[in-house]
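Chemist: Protein chains in written order, with our numbering: chain Y, 111 to 414; chain S, 89 to 430.
Just so you know, the hints here were simulated from the structure itself, not pulled from any lab data.
Be aware that one or more of the hints could be misleading.
To be verified - Cut-off 30 Å, straight-line C-alpha distance, at most; resulting in silico cross-link-like pairs (DSBU-like, lysine-lysine):
1. Lys235(S) to Lys177(S)
2. Lys302(Y) to Lys398(S)
3. Lys398(S) to Lys177(S)
4. Lys398(S) to Lys338(S)
5. Lys197(Y) to Lys398(S)
Computed from a predicted model, the values in this text were never measured in an experiment.
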Amino acid sequence: MIDPYYLQQLAIGLSLGMTYALMAIGFTLIFGVLNVVNFAHGEIYTLGAFAGLVLISAAAPPAAAVIFAALAIGALAGFSLERLAFKPFRRFTDEASLKSRAMRESTLLSSLAVSIVVREGLEIGFGSQMQSIPFAYLINTPVRVGPVILVTGDFIIFGVAAAMLVGLQYLLTRTRTGLAIRAVSNNPLGAKYVGIDTDRTIIVTFVVGSMMGAAAGILTGLYYGAVFPAMGFIPGIKAFVAMVMGGLSSIPGAVICALILGIAESMATTFVSSGWSDMVAYGFLIVTLIFFPNGLFGARRERV
Amino acid sequence: MNGSELLPLRGGWSRPVPLLAALVVFAVLPLVLAGFDRGYLYQIANLSLIFVLLSASMHLVTGVAGLLHLGHAAFYGVGAYTAALLSSKLGLGFTATLPLSGLTAALVAFLVALPTMRLVSIYFAVATLAIGQMLYLVMLNWVELTKGPNGIIVTKGLELFGFGLSGRLATYYTVAVVVALCVVAIGRLSHSYYGNTLRSIREDDQCADAMGVRTVRLKMEAFTLSAFFAGVAGSLWAHMTGYISPGDFKFSESILILAMVVVGGLGSLPGAVIGALLLILLPEGLRGLGDFRNIMVGLVMFLSILLLPKGLFGEVSALDFARRHWGAAWRRTRGGEGIGWQ
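Given the sequences, and given the hints that come with them, work out the whole structure.
Modeler: Put into structure tokens, the structure is as follows:
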């Protein structure tokens, strides 16, 4: 019989992994289409959380309204992020004229710059301290399942992640928009030649991915009860690690790897110390990049 | 025409810009600072010189070799911690810790580069980010060695062969001399044949590989060299301020150094120097803005990528500059034919 203590740690790890998975879904979607890392995804997560916080402290609305506010802010942020940081640097048609390799990472740098501006702007507006969410909105009522204690937030986050995953798979495989997204992700120039509006498709991807990121932010905020401007950095890195481990463009792979990551971290916290637990994710990232360049759930895509 | 006309002896006067810069750094600025007589201004001057060195060392790896490096501040931190630990535990002086911290940072960079250097573009960038964060976690959590978040007090100030140099002016001069020597070394390195080989890797590493350039090895060398200079900068910082903590070597510092190189223009050393001065002095000059310091860094970086994709000094103008002022790869040989690009 397994010691309930370890079962409890496993449950904590799973719920941690679930919060990473929420983030990783949107991240992987955006990476899959444009093949560029969106460093500002962590800030969209923060913006979603702050949108929820502002609405809660201003009007004390029902929880569903908070989620919708976060989704709306996420959609807006995704749209403006794409216009600001990605569109000016996108040159599908003149790839050959982009001579210098050093300039090819300009979207990475621009999204990084946007993320700095957003984070520092939030710090000026709200201060860098943690803001606590009012008690009534927290989703951490304990629920006893056999020998382990979970909280309601675990179920909500699990449900949202599952819904997102199913919804996204439906969108990608059963709708015309999804077909367009997959076409652009496979070959942007070819998609353009067969008459797909690549510009619109990319915007749709950013809006959908950023809505998911913002939802992840507000749910995590309600789950842990704290919101602060720098909260997006660590989950952003974890989501990236999950994405790389999962094989870059495979969304189910990213979710599974996010869960693995969460469990590994919670075990590291248990057996080593909490200070070193972030090391697990960075270690996973390096090991994956070196030994499993196609990810654990091998993607079809060739590595660039 | 004899050979001496083909090979003109270039005195210092034919290179006005570096000479002028040296004059300002070594003669005018200390006089001005002494005139104001405020320690704070010396601190700013030293800080900007140290960031000039960091930016120049990043220029070598990101600008010249084209490797997007997101963990540079960690190697700076390795240098600073080496200097602090060697001086506080073993009692070594500045003359010993300066090269040793450079070498330690280079060794760490070499070990890190062994597995990661085959990664390309974004994967390399994220791997360096992860390594930078790992080193930061080590500084933060290896409490027995690094005292964790409390940081280390460095008791030894700057000294040279037993002469104390902890006065304001002496400290400034020491930092300026070390930084100037390192920047000149980086300049010679990046505008030599070696630097041009690294540029070929940046432009197209597969092509360079096919032409027989040993790309992986050269990338590793550039990475290690750049970490060496970052370690030297760390040692200067540790001895200058007398107190270091992991907070000085976070991801945001890496991004600040990256922004300097990007703003100045990737691949240009003068650009890296100007970018460093701009991003340190501009927020200091606009002290009234206070909290807006970091947001400025982000805005300046974004606007420079958007509006000046080549930076303040693009590679081409920087090459002209280098041709005029260093001329290492372009100077005519005795036979009369030029080497490098004409």
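Chemist: Run every hint past the structure and note whether it holds.
Modeler: Going through the hints against the structure:
Distance hint between Lys235(S) and Lys177(S) is fulfilled; the C-alpha atoms sit about 13 Å from each other, no more than 30 Å. The suggested pairing of Lys302(Y) with Lys398(S) holds, with an alpha-carbon distance near 29 Å, which does not exceed 30 Å. With a C-alpha separation of about 46 Å, the suggested pairing of Lys398(S) with Lys177(S) is violated against the 30 Å cut-off. A distance of roughly 27 Å separates the Cα atoms of Lys398(S) and Lys338(S); the hinted pair therefore holds under the 30 Å criterion.
Restraint check for Lys197(Y) and Lys398(S): the C-alpha separation of about 18 Å stays at or below 30 Å, so the hint holds.
Checked against the numbered hints above, the structure breaks only hint 3 and satisfies the rest.
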